[in-house]
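Work out the full structure, taking the sequences as your base and the hints as a guide.
Keeping their order, the protein sequence lines are chains Z and F. Residue numbers for the first sequence follow our numbering, beginning at 15 and rising by one. Residue numbers for the second sequence follow our numbering, beginning at 13 and rising by one.
No wet-lab data here; the hints were simulated from the structure. Here the structure is a predicted model, which is why all the values come from computation and not from measurement. Cβ coordinates follow ideal geometry from the N, Cα and C atoms, glycine included. There may be inaccurate statements among the hints.
Claimed, not checked - If the Cβ cut is set under 7 Å, some of the chain F residues that face chain Z in the computed set are:
(1) Gly28
(2) Ser55
(3) Gly73
(4) Ile105
(5) Glu112
(6) Lys113
(7) Phe116
(8) Ser118
(9) Val124
So you can see what is in the structure, the chains are spelled out below.
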Amino acid sequence: LAKTTQPISMDSYEGQEVNITCSHNNIATNDYITWYQQFPSQGPRFIIQGYKTKVTNEVASLFIPADRKSSTLSLPRVSLSDTAVYYCLVGDVTGGFKTIFGAGTRLFVKA
Amino acid sequence: GAVVSQHPSRVICKSGTSVKIECRSLDFQATTMFWYRQFPKQSLMLMATSNEGSKATYEQGVEKDKFLINHASLTLSTLTVTSAHPEDSSFYICSAYTDEKLFFGSGTQLSVL
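Shown next, in the form of structure tokens:
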């Protein structure tokens, strides 16, 4: 299982773009990268998933370089409600991989 | 997205009693579900993998006789915390895969008095 490393915390202001990077140096060929958001006393919520290059959906973008040893979650124009913990998970989703969570990144958005 | 329903959302019990937590996949079938526990300000810790029709696989350090897991159908897994003690107080979360994505339940806050 690929180990992930993220910054422990980040601060931002409303309206700014936030980029959170995750390192996963031992990512395997079949592994996908998935990001989750978690609010206090709630289960994690799926944000975005990708394998390589760039993926974009209605809430975020995911940038994955060619070597796939890292990935960056980009949140455009954050608001106070984006204050949460963000987790990067790496694994073979086609095989239903066992999920090991890293420490995650606590994002605090200020007014 | 898919829905994983977890019940109850909060439970308070006396020390020594057993508590059952249910995890249901509402709009898909899940042969595998996962159970986690989370302490305040900490990350999720995987406790066990629940397999439909077979025994659960527990992570190292997790007492299988303490945390009983039953996955009797393709849409339901249960976690029973037996003879609960205050140190078992935690936030318990389940998850299941569908469409190559992992979806989580809303969690159960267990408080043992």
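Hint check results:
{"no.": "1", "hint": "Gly28", "verdict": "violated, 26 Å"}
{"no.": "2", "hint": "Ser55", "verdict": "holds, 5 Å"}
{"no.": "3", "hint": "Gly73", "verdict": "violated, 14 Å"}
{"no.": "4", "hint": "Ile105", "verdict": "holds, 5 Å"}
{"no.": "5", "hint": "Glu112", "verdict": "holds, 4 Å"}
{"no.": "6", "hint": "Lys113", "verdict": "holds, 6 Å"}
{"no.": "7", "hint": "Phe116", "verdict": "holds, 3 Å"}
{"no.": "8", "hint": "Ser118", "verdict": "holds, 5 Å"}
{"no.": "9", "hint": "Val124", "verdict": "violated, 17 Å"}
In terms of the numbered hints stated before, the structure departs from hints 1, 3, 9, listed from lowest to highest.
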